Every structure is written in structure tokens, then in C-alpha cells.
Amino acid sequence: MTLRIVHLYPRELGMFGDVGNVIALQMRARWSGIVASVESVGVSDAVPENADVYMIGSGSTAGLRAVAEAMPTLARSLTRAHSAGATVVAIGAGLHLLGSRVDIADGESVDGAGLIDATSTLRAERLVGPLSGSIGKQGVTGYVNSGHQLIGTFNPLVERIEGLSIESDGVSADGILGTHLHGPFLPMNPKFADDIIEKHTGVAVDQDDPRVSRATGAASHSRVALRRELGL
Amino acid sequence: MLVALAVLLGRFVRVVTRMRGGGSALPGWVVLKLVPDFVARVMTRIQSDHAVPVAVVTGSNGKSTTTSMAVAILEAHGKRVFSNPSGGNLPQGIASAMLTDVTLGGTLSVDAVVLELDEAYGVQLADAVRPSHALLLNIQVDQLNRFFEPERVVEMVRRIAEPAHTVIVNDSDANTRSLGNQFAPTHDVVGFDVVDRVAPDGVYGANAGNDAAKDARTPLVSVTAVDGVNTTLAYAGEPLAVRLPSPGVHYAVDAAGALALGARLLGDEFDSSVAASAISDMKPVYGRGETVEAFGSPLTIVMMKNHPSLQANLDALSETPESLYLAVDDGTPDPSWIYDIDLSRLDHVDVVSGSKAWQWETRLAYAEIPTGVVEQDARTAFEAFGTNTSPKRQKHRTAIVNYEQMMDLRRELGYMEIEGE
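Residue numbers (this note's numbering), protein chains in the order written: chain V, 2 to 233; chain B, 48 to 468.
For reference, chain V alone in the conformation it holds in the complex (with noise of 0.2 Å):
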């Protein structure tokens, strides 16, 4: 069994530690016995339209001036692959690039590839620090730190939030996991790591293997602990 991940613009969308998202989907992956790739896609390279997942990170301002080139290209192949039942994970700057269009400053847009029916607008007040919520029943937590907002149609990914001025956060759509929690979203809350994994395998992550195991319990007291910092 195998399970192909993308790594889309590793370089330029990726200054929050995003590529935990993808550690966390292979590892777990590994050591469930499933053969799992890493291929990363750089702004001039074709994007592989027969991948499981595809992982989109967050980036500053000149992050996303660094991508806009690839924006058409990103908007053809991404499509299909996410039509074709790709899921696909995308964090803070990479969420908004898959709206229509994201606002940097005067005037001054990048495209996005369309996936979701949204614009990026930039907040007034810059949103930065950690939060407890859930997706689902399932409680999470995670870090913050952007200055855009998402304005469109679409379901909320993490709702019930506590600790930061927000009642919900990201965009939650067929195949679409889109959130602001960057860095260790999937490494801090491996259930959904998990279930991408089962979604496009067919195997079920293996619970009993020791490595699953500490790196679930390590998260879950993570989780524990940030509740804790928020005081809740």
C-alpha cells in the first residue's frame, strides 16, 4: 500500500514549521506499514496531479509574492487532483491561496487557484497566539499567528474556540482540511493525520505500534499542556 504526498512550495510557503504536517502523515504512515513519498513542488516545477495528499504551508508577504507565478498552474493541476478525491491540507497563507484572491497591501493581490469560494482580506489586528478548540468531537490546539482573514462561503474547520478573539477558524469542505494552526497541526492532533491516511489506504493506523503510540501520547499531553498555558 502506498500513500503519495506533495509538498507544495516547501521553500517559499513554510516559515511556521508547516512541513510537520507532512513528517507527521509519512511517520505515521511508515509505521502502519504503508509506503509513503514526499515530493516537493517548487514554484517553476508542474504539479503531479495523481497524489493522495497535497500539503500547502503558511509564508509572509513575500512568501506569497514568491508563489503568485505558480498560481495558474496550481489552479489547473489542484483542481483535477482534488475532483480526482485528493485531500488537500493547507495552512494559513496556503488556505488563503486557495480562495480567489488574497490582499497583500495598497492595492497590491495575489490570484489563488479558486478551490474555495473566499477573498483574503487583511485583519486589522494581527491574530497571534495559541488556542484550544475542536473539529467535531474532537478537541484541538494549536498556534496562531496571521494578519489575513477569509471572507466567502464555507463550513468552518475548528470551531468552539477558546483563548484567542476568534469563534471559529479555517475552512472544512470535501477533501479540504484549511486552518490558521500552523506548524505542529497535524503532529499536535494525529486523529486527522490518521484519518487522511485510511482514506486514501484503506489501513487503518496501527494504535499498538509503539511509535504511533508515543507520538500520540506525546500529543495528547501537548494538548494538555496548552489547554493549561490558556488557563483552561
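To be clear, the hints were calculated from the coordinates, so they are not data collected in a lab.
Don't take every hint at face value.
Claimed, not checked - With a cut-off of at most 25 Å between alpha-carbon atoms, the simulated DMTMM-like pairs for lysine to aspartate or glutamate come out as follows:
{"hint": "1", "chain 1": "B", "residue 1": "Lys352", "chain 2": "V", "residue 2": "Glu230"}
{"hint": "2", "chain 1": "B", "residue 1": "Lys439", "chain 2": "B", "residue 2": "Asp394"}
{"hint": "3", "chain 1": "V", "residue 1": "Lys192", "chain 2": "B", "residue 2": "Glu415"}
{"hint": "4", "chain 1": "V", "residue 1": "Lys138", "chain 2": "V", "residue 2": "Asp196"}
{"hint": "5", "chain 1": "V", "residue 1": "Lys192", "chain 2": "V", "residue 2": "Glu160"}
{"hint": "6", "chain 1": "V", "residue 1": "Lys192", "chain 2": "V", "residue 2": "Asp207"}
As the list claims (entries may be wrong) - Ranges between beta-carbon positions, derived for each pair:
{"hint": "7", "chain 1": "B", "residue 1": "Thr279", "chain 2": "V", "residue 2": "Leu231", "range": "47 to 53 Å"}
{"hint": "8", "chain 1": "B", "residue 1": "Glu459", "chain 2": "V", "residue 2": "Ser214", "range": "46 to 52 Å"}
{"hint": "9", "chain 1": "V", "residue 1": "Ile152", "chain 2": "B", "residue 2": "Leu55", "range": "54 to 60 Å"}
{"hint": "10", "chain 1": "V", "residue 1": "Ile152", "chain 2": "B", "residue 2": "Glu459", "range": "49 to 55 Å"}
{"hint": "11", "chain 1": "V", "residue 1": "Leu231", "chain 2": "B", "residue 2": "Glu340", "range": "36 to 42 Å"}
{"hint": "12", "chain 1": "B", "residue 1": "Pro438", "chain 2": "V", "residue 2": "Val36", "range": "36 to 42 Å"}
{"hint": "13", "chain 1": "V", "residue 1": "Arg77", "chain 2": "B", "residue 2": "Asp235", "range": "47 to 53 Å"}
{"hint": "14", "chain 1": "V", "residue 1": "Arg102", "chain 2": "B", "residue 2": "Glu459", "range": "50 to 56 Å"}
{"hint": "15", "chain 1": "B", "residue 1": "Arg426", "chain 2": "V", "residue 2": "Thr74", "range": "50 to 56 Å"}
From a predicted model like this one, the values you see are computed outputs, not experimental measurements.
Positions of the beta carbon are idealized from the N, C-alpha and C atoms, including for glycine.
Take the given structure of chain V and dock chain B to it, following the hints.
Same frame as chain V, now just chain B:
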């Protein structure tokens, strides 16, 4: 009168905080409460009485080390220098440092001033300090919970350097090189760098999103070879052997920057061999690759400040640490960047501690690096580290800690002196 009162009160507070092993900022904070423009007053007096050069050192990584090197170079040339001790780069830290030597009238008798400035506070301090020289080290992905984006830091650093007439830039860092290019038409711009074969992927692996083209500047100082603590620099084309206070290419680049600054500040008086000896005689700067005594054996402290600096420090380790303690607390509010770190230098961690211990344990689990003990309480954890490890092959233990844990650890081990004194 008010200045005299503030100086006396500040000195009193310092005696008390020293007795308690406290930090170095409180005395300065008290002074600034009484005389908010204390730093500006002292600096104005220095500059009006004599033409004393004032250099500021700023950037993401290497400020403390480079400032210490520049001070050592100047002192080796017989100059009296005022500087702020490592880490004291906020307004209250600088005011604290002034308390030692300032007269009750607010006068400092010195030949030169070299200050390390925090990037954000530096913008307001630059007005008070009025630098004649600015040394720009690098601008990396750092403290994003505070700075948000590297681009904002580039602008802060530009504003710090703007009032100076001479700007010394690291040409091997894309962001400071770009600033050098911007300043070239209006300022005396001096470059230093590291040759490509020494650092083929750059000194700090992280990309801050700027790929400014190389300028035509010929660097005044280049790092041409690094082997552990031994480095060869080229100064004005001549090779210069220097022993670094701690191993690593990043420290060699700091030395190149300090030499370039020293050369500009001293002019005709600058003697490169005197400068090289001054750096070679230095001890590691407080907490940065420093070795202290713990459990009857040496303990080497590696500081974990941000992704680029931790990566540079790990890359500089000559071998895999045999006995390793890792402690991070809320002083690193968002440690997400630990997923960007290449941990291949580590084969195990004996004890993981601090309030962020489980964040690190999660990272180590995904890297398949075994851990002995995870204990959030640092005191209990450090005791376990002493009990569970006994240096054999390496003769010393290693601790990777963030700034706050480094301070706690030193205090716990009885190193009572305030940072930098």
C-alpha cells in the same frame, strides 16, 4: 539633580538584585522611571564633549557575541569602551549598564561606544543613541510571535542604521546585503562575508524570503575557512588566523563583522593582528556555547533561540552529544519551528523538560529519536539528568535550552553573577 538621584537609586537597586541573583534590567528600569530620557542625556553629553564614535550592532542572531568581540578589539587597542552586556539590549538594559561608569552628573568618559540593540526597541533607541556606525548582522526567521514577518524586521533594522554615516553589512545574508545595496548611494557601506565553499547553503539554513542580488562591493573581511573553533579570515586580502569563543561558521561570521567594525572605528590605528589576538583570547559569551560545572563535570550550554541559530549550533557540534538535556519553557511561546530543524546530529535525549517539554517530545517521537525522561518541572528534571547520566566518552554533558531556561540553570548551579558582568 534628578539624574544624580536616579543614578544613586539605580546603583542601590543593583546591589539588592545582585544579592538575590536577579537579572540586570531592573536597576535600569528604575532609572528610566525617574528620568525617562536618561540614555539620550548620557549619549548627548558623550557626543557633544568629544567626537566619540557610537556603533550599534543589530540583527537576528549574533548580537551579543559580535558586540563582545568588537569591544575586545577596541580595548586591545587601548580604548575605553562603553557597551551593554550581552542580552541587555532593551532600553532598561542599556540604562543599567550605564550605572557602572556614569558620574552623578551623567557623564561617561570613554573613547567609543558599542551597543547591541534589539531590532524592535532599537528603532526608538536609535534616536537617543544617534549612532555613527551600524553593524547589520543578519535578518532571519525569528520570534514571529513578536515580529510577525521577517519583512517587518528588515524595515526596523533599516531605520536603526539610517542615522549612521557608516553601515557595515553581512553580504552573505540576503536581507542585510539588500540593505547595504539600498544604503550604498548615501552611506559609507562596508561588507563582510563568508566564501561559498565554507557555507554552500548559507550560514543559517532558513530562508527569510529575500534573494537580493550580490552587490559589487568587495568585502573588507571574508571567512575563508572554519574548522571547529579555528577559522581563517581574509582581512584586506591578507589571511588572519582567529580562534573563536565557540565552534561554528556563524561565530566566524560574527568575528568577520567585529573586525570590519573595529577597522572602521579605529582607522589608521587598527592593527589586524592585535584584533585577531583579542578575539582569540575571548571566553564564550554568557550562555552561548559556554561551559559551566554541574554534577562534578563540565556542562556545555547550547542556546535555542530560533530556528536558524539552533540549526547553526547543532551543525557546529563536533559529535553527537552523549549526555543531553533539553529544556524549553514559555519564553519560547510558539516553538512550531522545531519541525524545521534537522535533528540528525542527535541520536537520543536523556531528559526533556520545561513547560514545552511535550511539544519537544512530540517532535522527537516523529524523528524517531529516543527520549529517557520527560518531566515538565525543570528542577526535578535536571536532578534526574545528573542521576541518569555519567559522562564517559565525551567527558562533558550538553544542555540545549532557551534563554529563560539558561538563566534558571545558571542560577541553580550557583553562577550568581548577572549576565555579562
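We went through each hint and held it up to the structure:
Using a Cα cut-off of 25 Å, the hinted pair Lys352 (chain B) and Glu230 (chain V) holds, with the two alpha carbons roughly 20 Å apart. For the given pair, Lys439 (chain B) sits about 16 Å from Asp394 (chain B) by alpha-carbon distance, which is consistent with the 25 Å threshold. In summary, the hint linking Lys192 (chain V) to Glu415 (chain B) is supported, as the alpha carbons are separated by about 19 Å, within the 25 Å threshold. Restraint check for Lys138 (chain V) and Asp196 (chain V): the C-alpha separation of about 14 Å stays at or below 25 Å, so the hint holds.
A threshold of 25 Å between alpha carbons decides the hint, and for Lys192 (chain V) with Glu160 (chain V) the separation of about 16 Å falls inside it, so the pair holds. Under the criterion of a C-alpha separation no larger than 25 Å, the hint pairing Lys192 (chain V) with Asp207 (chain V) is consistent with the structure, at around 12 Å. Restraint check, Thr279 (chain B) to Leu231 (chain V): a C-beta distance of roughly 51 Å satisfies the suggested window 47 to 53 Å. About 34 Å separates the C-beta atoms of Glu459 (chain B) and Ser214 (chain V), a value inconsistent with the hinted range of 46 to 52 Å.
For Ile152 (chain V) and Leu55 (chain B), the Cβ-Cβ distance of about 58 Å falls inside the hinted range of 54 to 60 Å, so the restraint holds. Between Ile152 (chain V) and Glu459 (chain B) the CB atoms are about 51 Å apart, so this pair conforms to the stated range of 49 to 55 Å. Between Leu231 (chain V) and Glu340 (chain B) the beta carbons are some 38 Å apart, a value that agrees with the proposed interval 36 to 42 Å. For the hinted restraint 36 to 42 Å between Pro438 (chain B) and Val36 (chain V), the CB-CB distance of approximately 41 Å keeps it satisfied.
Our hint of 47 to 53 Å for Arg77 (chain V) and Asp235 (chain B) holds, since their Cβ atoms are close to 51 Å apart. The hint said 50 to 56 Å for the Cβ distance between Arg102 (chain V) and Glu459 (chain B), and at roughly 54 Å that hint holds. The beta-carbon spacing between Arg426 (chain B) and Thr74 (chain V), approximately 55 Å, falls within the hinted interval of 50 to 56 Å.
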